[in-house]
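**Q** When you get a sec, could you build the whole thing from the sequences and use the hints?
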Amino acid sequence: MGRYFNSLNGFNVRRALFGIALFLSILVAPFWVTLVLSVLGVILFESYFESIIASLIVDSIFGFSGSGLWSVQFGYSITFFISFFLFEYIVKPNLAYYKR
Amino acid sequence: MKNFQSVNVHRINRAGKLRRIVGVFALFLFVFLLFIFNRSIAGSFLRFFGVGMWEVQTESEAVIGQTANMVLRSKSSLIKENTELREERNLYSTLALENKFLKEENQSLKEQLGRTNYSLKRVTASILSRPPQSPYDTLVLDAGASEGVKDGDLIALGSVVLGKIVAVDNHSSLATMFSSPKQELQALIASSSVQSTVYGRGGGNYFMRLPADVDVDEGDIISLPSMNPRILGSVARVEEASADSFKMVFFRTPINIEQLRWVDILIP
Numbered sequence: 040m041g042r043y044f045n046s047l048n049g050f051n052v053r054r055a056l057f058g059i060a061l062f063l064s065i066l067v068a069p070f071w072v073t074l075v076l077s078v079l080g081v082i083l084f085e086s087y088f089e090s091i092i093a094s095l096i097v098d099s100i101f102g103f104s105g106s107g108l109w110s111v112q113f114g115y116s117i118t119f120f121i122s123f124f125l126f127e128y129i130v131k132p133n134l135a136y137y138k139r
Numbered sequence: 604m605k606n607f608q609s610v611n612v613h614r615i616n617r618a619g620k621l622r623r624i625v626g627v628f629a630l631f632l633f634v635f636l637l638f639i640f641n642r643s644i645a646g647s648f649l650r651f652f653g654v655g656m657w658e659v660q661t662e663s664e665a666v667i668g669q670t671a672n673m674v675l676r677s678k679s680s681l682i683k684e685n686t687e688l689r690e691e692r693n694l695y696s697t698l699a700l701e702n703k704f705l706k707e708e709n710q711s712l713k714e715q716l717g718r719t720n721y722s723l724k725r726v727t728a729s730i731l732s733r734p735p736q737s738p739y740d741t742l743v744l745d746a747g748a749s750e751g752v753k754d755g756d757l758i759a760l761g762s763v764v765l766g767k768i769v770a771v772d773n774h775s776s777l778a779t780m781f782s783s784p785k786q787e788l789q790a791l792i793a794s795s796s797v798q799s800t801v802y803g804r805g806g807g808n809y810f811m812r813l814p815a816d817v818d819v820d821e822g823d824i825i826s827l828p829s830m831n832p833r834i835l836g837s838v839a840r841v842e843e844a845s846a847d848s849f850k851m852v853f854f855r856t857p858i859n860i861e862q863l864r865w866v867d868i869l870i871p
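Going line by line, the protein sequences match chains S and E. For what it's worth, this note's numbering labels the leading residue of the first sequence as 40, then goes sequentially. For what it's worth, this note's numbering labels the leading residue of the second sequence as 604, then goes sequentially.
It should be emphasised that the hints constitute simulated quantities derived from the structure, not laboratory data. Misleading hints may appear alongside valid ones.
[Stated by the list, open to error] Below, computed lysine to any residue pairings styled on SDA-like, alpha-carbon distance capped at 25 Å: (1) LYS785/E - LEU74/S; (2) LYS785/E - VAL111/S; (3) LYS767/E - GLN786/E; (4) LYS767/E - GLY105/S; (5) LYS785/E - LYS131/S; (6) LYS850/E - GLN789/E; (7) LYS706/E - ASN693/E; (8) LYS767/E - ALA68/S; (9) LYS767/E - SER104/S; (10) LYS724/E - ASN693/E; (11) LYS850/E - GLU787/E; (12) LYS703/E - ILE858/E; (13) LYS850/E - GLY822/E; (14) LYS785/E - PRO69/S; (15) LYS724/E - GLY751/E; (16) LYS724/E - ASN702/E; (17) LYS785/E - THR118/S; (18) LYS131/S - ARG622/E; (19) LYS785/E - SER826/E; (20) LYS785/E - PHE103/S; (21) LYS138/S - ARG623/E; (22) LYS131/S - ILE117/S; (23) LYS767/E - VAL111/S; (24) LYS785/E - GLU861/E; (25) LYS138/S - PHE120/S; (26) LYS850/E - GLN798/E; (27) LYS785/E - ALA68/S; (28) LYS767/E - PHE103/S; (29) LYS785/E - TRP71/S; (30) LYS706/E - PRO857/E; (31) LYS785/E - LYS138/S; (32) LYS703/E - ARG692/E; (33) LYS131/S - ARG623/E; (34) LYS138/S - PRO857/E; (35) LYS753/E - VAL111/S; (36) LYS724/E - LEU760/E; (37) LYS767/E - PHE70/S; (38) LYS785/E - LEU863/E.
**A** Now the structure itself:
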């Protein structure tokens, strides 16, 4: 199961469908749905860069100067970007689930 | 053979690593470019694609809502609601007449004082996207530069102001609510003409901190300091501690943002 989700080699249908759902959620669903899907994507798939792109899109569409986290327009993207790299390259390699 | 396989695996691993590094670098570059170039370019481009989808979503929600209403509700409940709405309409048409009379009286008084040039152009815009879709308490509206909308224009419904325009595209614009948590503005308590700073609390709620001796009661109108009636909301609660020399005034906009479909953009 894990190997199936984590596969980056070749076309991964689940990853593609998940990506479509994530990007659609930005436009048609409440923000928390996008946030939950982004976090789930990072947990389930390997190097899920789509979630960073999604955070940038959210900030670009709905944000303006002085609106975001820490009053920076791309505050949410920056926070997500840092959290993503911490989880992907520091936490994940040390978790037993991802070592399998 | 075994050695050949291990070389291949090593090459595949290296290719994977390289691909990851290139991906990370591309992302860094993308973020960097977003910051370096005009920040609104990316927003305008993405909102252009979003507008079509939001229009379809708004229309389909309306159609689904109407259909569900027709199918799910009983005839008797509809008759009852119809009677109540007719009674409400009668009341509101009386209030509308009174309102019109007061407005005309107000205008003639202003004219007597030499303040005649205060009319604003109103552009009606449909709300395409609203919180909780937006994490920043912003609204995407379907009117933009082509309709004469500019940065800083107020958005309102009737005399109730809701926020201001913060980004303008060709046929759409982005507005922020005055009730957003980071917003601060000056407002007047209509009954006492005391001016103070109002802070947004999100979801159409505001608060202000006033000296304890300022007279303010529940239901008092809070408005922007202006020649035109620009109401922010009415006082819902006043919190006063006997030992404190200040009191907290909590008020909210009379409009339910979640049920709102249209707003007016006030263009000077």
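**Q** If a hint holds in the structure, say so; if it does not, say that too.
**A** Each hint tested on the structure:
no. : hint                : result
1   : LYS785/E - LEU74/S  : holds, 21 Å
2   : LYS785/E - VAL111/S : holds, 12 Å
3   : LYS767/E - GLN786/E : holds, 11 Å
4   : LYS767/E - GLY105/S : holds, 14 Å
5   : LYS785/E - LYS131/S : violated, 35 Å
6   : LYS850/E - GLN789/E : holds, 17 Å
7   : LYS706/E - ASN693/E : holds, 20 Å
8   : LYS767/E - ALA68/S  : holds, 24 Å
9   : LYS767/E - SER104/S : holds, 14 Å
10  : LYS724/E - ASN693/E : violated, 29 Å
11  : LYS850/E - GLU787/E : holds, 18 Å
12  : LYS703/E - ILE858/E : holds, 20 Å
13  : LYS850/E - GLY822/E : holds, 16 Å
14  : LYS785/E - PRO69/S  : holds, 21 Å
15  : LYS724/E - GLY751/E : holds, 10 Å
16  : LYS724/E - ASN702/E : holds, 20 Å
17  : LYS785/E - THR118/S : holds, 19 Å
18  : LYS131/S - ARG622/E : holds, 19 Å
19  : LYS785/E - SER826/E : holds, 19 Å
20  : LYS785/E - PHE103/S : holds, 12 Å
21  : LYS138/S - ARG623/E : holds, 18 Å
22  : LYS131/S - ILE117/S : holds, 20 Å
23  : LYS767/E - VAL111/S : holds, 19 Å
24  : LYS785/E - GLU861/E : holds, 20 Å
25  : LYS138/S - PHE120/S : holds, 23 Å
26  : LYS850/E - GLN798/E : holds, 14 Å
27  : LYS785/E - ALA68/S  : holds, 24 Å
28  : LYS767/E - PHE103/S : holds, 12 Å
29  : LYS785/E - TRP71/S  : holds, 20 Å
30  : LYS706/E - PRO857/E : holds, 20 Å
31  : LYS785/E - LYS138/S : violated, 44 Å
32  : LYS703/E - ARG692/E : holds, 16 Å
33  : LYS131/S - ARG623/E : holds, 15 Å
34  : LYS138/S - PRO857/E : violated, 56 Å
35  : LYS753/E - VAL111/S : holds, 22 Å
36  : LYS724/E - LEU760/E : holds, 13 Å
37  : LYS767/E - PHE70/S  : holds, 22 Å
38  : LYS785/E - LEU863/E : holds, 22 Å
Consistency note: the structure conflicts with the earlier hints numbered 5, 10, 31 and 34.
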